Amino acid sequence: GAGVSQSPSNKVTEKGKDVELRCDPISGHTALYWYRQSLGQGLEFLIYFQGNSAPDKSGLPSDRFSAERTGGSVSTLTIQRTQQEDSAVYLCASSLAPRGETQYFGPGTRLLVL
Amino acid sequence: QKEVEQDPGPLSVPEGAIVSLNCTYSNSAFQYFMWYRQYSRKGPELLMYTYSSGNKEDGRFTAQVDKSSKYISLFIRDSQPSDSATYLCAMSGPSSGAGSYQLTFGKGTKLSVIP
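Residue numbers (the numbering used here), protein chains in the order written: chain A, 1 to 114; chain B, 1 to 115.
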């Protein structure tokens, strides 16, 4: 079946602009996670959705970052007023159950802030 | 001290060799232990997962977890050039009060298998 998809695959933006990153999870997966992968920090958790609710936002680095999920499916991660340090690969993962062992990742969105 | 430590390598081995990849961790509460493989410019691909201590085998891959030592390993037998990738260990659990099983990753070991 179809895996997790993300769009765009690459995004180049100017400092100060807003960007939206999209994630389409595997159909039927109720749990959705966003992570960020950067050269210095590795892969880091950002936010967790169960259905349309986001009960764990503890990894969001600042209030410029927000995310939503609609219809228990598609999720959008928004970064406002982008900074150069936001440059990274943003990865989305989904899971049939909330348990940690079965998270399947999408290909990621490579964000470059100039 | 980072929660999960993983030697970044790079690790270069000849085709057919046995590869050993390892991670150590500090959080004794971790319950689930995973290994992901990531090819260049791709997302991580789940290879294996283990709950609590023990061994698990899948084809050429064997995962081991020693909770008493806070040490996990992935062994690759008869390594192939197609195994060349970055290998990430990841851990999770118990869930947060919010029900999240967020993964905590090592920084990955870059493996090259030379024909």
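Hints should not be assumed to be uniformly reliable.
Straight-line distance between alpha carbons at most 25 Å, and here's what the computed DMTMM-like set of lysine to aspartate or glutamate pairs gives [as the list claims (entries may be wrong)]:
#1 B:Lys2 / A:Glu20
#2 A:Lys57 / B:Glu3
#3 B:Lys107 / A:Glu85
#4 A:Lys15 / A:Glu44
#5 B:Lys110 / A:Glu44
It should be emphasised that the hints constitute simulated quantities derived from the structure, not laboratory data.
If you're wondering where the values come from, they're calculated on a predicted model, not measured in any experiment.
Status of each hint after checking the structure:
| no. | hint | verdict |
| --- | --- | --- |
| 1 | B:Lys2 / A:Glu20 | violated, 31 Å |
| 2 | A:Lys57 / B:Glu3 | holds, 19 Å |
| 3 | B:Lys107 / A:Glu85 | holds, 18 Å |
| 4 | A:Lys15 / A:Glu44 | holds, 22 Å |
| 5 | B:Lys110 / A:Glu44 | holds, 18 Å |
When each numbered hint is compared with the structure, a violation occurs for hint 1 only.
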